[in-house]
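Taken in order, these protein sequences are the chains called A and B.
Using my numbering, you'd call the opening residue of the first sequence number 1 and step up by one each time.
Using my numbering, you'd call the opening residue of the second sequence number 1001 and step up by one each time.
No lab work stands behind these hints, which were simulated from the structure alone.
Just so you know, not all the hints are guaranteed correct.
No farther apart than 25 Å at their CA atoms in a straight line, the calculated lysine-lysine pairs in the BS3-like style are these [as the list claims (entries may be wrong)]:
#1 K1363(B) - K61(A)
#2 K1116(B) - K1045(B)
#3 K61(A) - K1436(B)
#4 K1059(B) - K1071(B)
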Amino acid sequence: MKIPQVSVFVSNRPGRLQAVCRSLADAGVNLLSLTLADSGEFGLIRLIVSDPEKAVDVLAKAGLSATITDVVACPVNAAIGGLAELLSTAVGSQQIDYMYAYPSTLNGSNIMILRFQDVDKAIEALKATNFKAISKEELLG
Amino acid sequence: MRSTAWNDEENKVLPEMALDFMPEEKLRDLQLQRMRATVKLAYEKVPLFRSRMDEKGLKPEDIKTLKDVAKLPFTMKKDLRDTYPYGLFAVDLSEVVRLHASSGTTGKPIVVGYTKEDMDVWAQVVKRGLLACGFRSTDIVQNFYGYGLFTGGLGIHGGFEALGATVIPISGGNTERQVMLMKDFGVTAVGGTPSYFVRIIDVAEKMGVNIRDLKVKRGIFGAEPWSDGMRDYIEEKTGIKAYDIYGLSEIVGPGVGCECECRDGIHIFEDHFYPEIVDPETLEPLPDGEEGELVLSTLSKKAMPIIRYRTRDITAIEKTKCKCGRTIRRIRRIGRRSDDMIIMRGVNVFPSQIETALLRAEKALPHYQIVLDTKNNMDTLEVKVEVSRDMVSDSMSAMEQLNKKFKHSIEQILGISVIVTLCEPDSLPRSEGKAKRVIDNRKKM
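Use the sequences and the hints to build the structure in full.
Now the structure itself:
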């Protein structure tokens, strides 16, 4: 139920995002989702890609430091209150470090990517709800 | 005098090492005799030295004991620049078989020359250092010191050849090829600057090559000060034993001194180089055991005899005997040079302290650079640190925490506030030889 997310460390200056995307594209790695976090001097690019291990290797060869972390992908109802519903379950009382919306939908549901402090505990909590985490195979294809 | 440790099968005192174990009294006699000859040669052939002796009212005959050496005038780096290119040579150029020069980043380089005999001595001292560190004629050695005008590459090369090892004169640069040859040629030992070897380790890792799996067993490193922490890092990463060789072009190049298997200080090849420690302020000689500036005199150089050269290296001569039984004295490993010292808001800062702080914080040795600047009339010290793959996290707060950890560790050691900036791997400049650690953009008042 865990989804491998690739995080890339980059300096906060023009052209760095391009370097990341270009090297992944040249290696035939498909970008499924990309979010950016920045802190003045540097930024973290968080990616969901078709082949995470390959992505880390390709980025290392391009002189970039990257790492893989497990996140959870959870479908939520696209209607009003969908996310509120998820967070009102036991999942909502887990420590969430950050979350973001995945750019495509699955069977009409929106997909939220959640980074829990304790991913195993969060998956356990999720099992007791009506929400079903999306598998790596389903998401990455 | 010889310790038994050096007479077992593993660590035999080979005939070539005998000079390292010379009875002390005999060694002092030899030093005095050679010092007198060197002073006489310089007095007769080098005008600058002669005029300085005359100013002091000194004649070569006044040097009657080794204590009298303290009366002799000092030689400074500036003297080599001022007499560019051949002003300190004591022989006709027809007798000089080799010239080397410093990179000369500011103005004219300094030039040094060697006679055929000087070249032989140089190769022999390097060879003795290599033997003391366990290198043997059976070794296949990759020499990634820079070849050329810099004394490092060809100096170590001469020692490897004298030893009878198989030398690969690859020089610095083309790091991926360095890794490939290290593997394919069955390299058993390496030589070069420690900072470049750290780079080779990084590149090997990227290429999926673990140096531990190769045949490399030992390395000889020098040409820049490197900390014990850096040695631990190299050894843990690669499984090799890393040894320190000391030298400077003005005296001969690498091979003025070298560690032995005990790795408890650097033995100076005292039959060819005479070490003293002086107080850098008063220039008064200090007794063995006390820390000060290392001053070196050549005892057998013919082309360019150098008397009492102020090295700017801060160290002490060890008072105790080394466990290896060598009678030639040791200096403490050079952790800092008075040249490298940064004075920051009145506090003395050495790059080696920052290296120690980084190692303490992360147990890894990231590539770093120190940038000094003036902002709002305040001098600032920024440490740029490259973030390796092991240090990356997906969490912003973890990255900020890493930054704080480095900052805290450095500030604890230096006692002044610093700025830490995390940078991408390979984004800080490296020369293929010596690491450029400090950039000073401060406005001079």
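Status of the hints after comparison with the structure:
About 24 Å separates the Cα atoms of K1363(B) and K61(A), which keeps this hinted pair within 25 Å; it holds. In summary, the hint linking K1116(B) to K1045(B) is supported, as the alpha carbons are separated by about 18 Å, within the 25 Å threshold. For a cut-off of 25 Å, the pair hint linking K61(A) to K1436(B) stands: about 24 Å separates their Cα positions. With a CA separation close to 11 Å, the supplied pair K1059(B) and K1071(B) stays within the 25 Å bound.
Hint compliance for this structure: no hint is broken.
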